[in-house]
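> One letter stands for each residue in the lines below.
Number of protein chains: 2
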Amino acid sequence: MSCSYVNIKLIISYDGSNYHGWQRQRGKPTVQGILENTLKKMLAKIKVTGAGRTDAGAHALGQVANFHVDKLKMPVKKLRTVLNNLLPEDIRILEASSCPLSFDSRRSAKGKTYIYLVCNSEMILPFFSKYSWHMPVKLNINKMIAAGACLAGTHDFASFMSSGSSVKTTIRTIKSIRIVKDDPFITFCIRGNGFLKQMVRNIVGSLVEVGLGKMTPNEFKGILAKKDRTAAGRCAPAKGLFLLSVEY
Amino acid sequence: MSCSYVNIKLIISYDGSNYHGWQRQRGKPTVQGILENTLKKMLAKIKVTGAGRTDAGAHALGQVANFHVDKLKMPVKKLRTVLNNLLPEDIRILEASSCPLSFDSRRSAKGKTYIYLVCNSEMILPFFSKYSWHMPVKLNINKMIAAGACLAGTHDFASFMSSGSSVKTTIRTIKSIRIVKDDPFITFCIRGNGFLKQMVRNIVGSLVEVGLGKMTPNEFKGILAKKDRTAAGRCAPAKGLFLLSVEY
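First to last, the protein sequences are chains B and P.
Note that the first sequence covers residues 1 to 248 in my numbering.
Note that the second sequence covers residues 1 to 248 in my numbering.
There's no promise every hint is true.
No distinction is drawn between identical chains; accordingly, a pair holds when it is met within one copy or between any pair of copies.
[To be verified] Straight-line distance between alpha carbons at most 27 Å, and here's what the computed BS3-like set of lysine-lysine pairs gives:
hint: 1; residue 1: 221; residue 2: 175
hint: 2; residue 1: 40; residue 2: 227
hint: 3; residue 1: 130; residue 2: 78
hint: 4; residue 1: 168; residue 2: 47
These are computed hints drawn from the structure, not numbers from a lab.
Kindly produce the complete structure, drawing on both the sequences and the hints.
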């Protein structure tokens, strides 16, 4: 290993509307794919590690990624500008810095915060339709807050995990859940130590059913105990989901 | 004329990112074109009149349009929902109502209000890049306000008209101009009785040069007197422009 070997940490915001999620996929545009292709042009063939996969159509305000490179060819403080000049406008590097060689954006993560936007008004402006879930019927926010409170803490979230992922355990800790109304939006902010596949979207989908009066807060609380995906409501669409930040 | 002949007024919001402006053009997607094609499927071949053309890439929060139809085939109060179900998500009908047969969205207009968004921060989030002009260098807002004040009132705005339009007169009245900072955005709000081709974008382009210190407020004031487009600064990009409302 040469002394110029470095580990670079990136904080990234992207509009996921035009991407099949974070993770590189053959023949489909993904954020990781675009980023790796751009770094290949600039530096070398590089594997970028992301803190978390985001779903197709979901967005990020503070995704974290890192990559090792033998020689950076430029001062690290220039990296952000150079990358942003080469990347499409819907992917922005907010920060680029060198970090300890041991840092791994995925394994080192202690937690993540997601926000989910519901546009709760009869009409939705066209500017918001790719960034929120339009719900034209008025939601009862107090019932959703009452229902959501049971999620805080350490639980088996199997009922809120979509199929198609293999995990050692479905136990996760939700550190906080906040549901805030700021017309026309209702924002769900969920902070946890880790999330199962589509867990935030499945939670929001069921909370919205509570808000619509299709499920009582008590019925919502019963979902967790069942540890069965079919117990929960629908999965909220990806376009309302934003990875806000990753904690280390 | 049958007694069922009606004049329908629409208030429309659109994200202009994917359109070549309002006005129908052969072989290019435009808002008027999409709307007329949709109405043709629903009702009949219909010519829609818009209050104003908007440029390719510019947006609308409250464009007004109207059309005459011999027989509506449905209650007018259902029209909005039916149209919105058929239109793409980036064009939304906010209101649809019947109006006097004499109403003409273009000729009857007494004034229009435009807003222009500048994102004045070192970095721009990807969500804002299609809806504002990114200006990474800090703008002096007080100098822009001082310069812009001279625009209020009735003047010959020839210096702020882009070429390629034929108008009887280049005299217009600006009823108010407000420039407001709300980090990271600077919003220019301009209300007038009418606007020349790309007038708002040319005004904002020159005001930004004042904000950057490339032109003094006094030099800006001199532009009007010259009545010559080459006296003004660059034309601000269309993506920051929104037709806010039309007054009748």
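> With identical chains treated as interchangeable, where does the CA-CA distance between residue 40 and residue 227 reach 27 Å or less: within a copy, between copies, both, or neither?
neither (44 Å within a copy, 51 Å between copies)
> With 27 Å as the alpha-carbon cut-off, assign the pair residue 130 and residue 78 to within, between, both or neither.
between (32 Å within a copy, 25 Å between copies)
> If the cut is 27 Å between Cα atoms, do residue 221 and residue 175 qualify within a copy, between copies, both or neither?
Within one copy, since 17 Å is at most 27 Å while 57 Å is not.
> For residue 168 and residue 47, with the copy left unspecified, which applies at a CA distance of at most 27 Å: within, between, both, or neither?
within (25 Å within a copy, 62 Å between copies)
The structure shown violates just one earlier hint, number 2.
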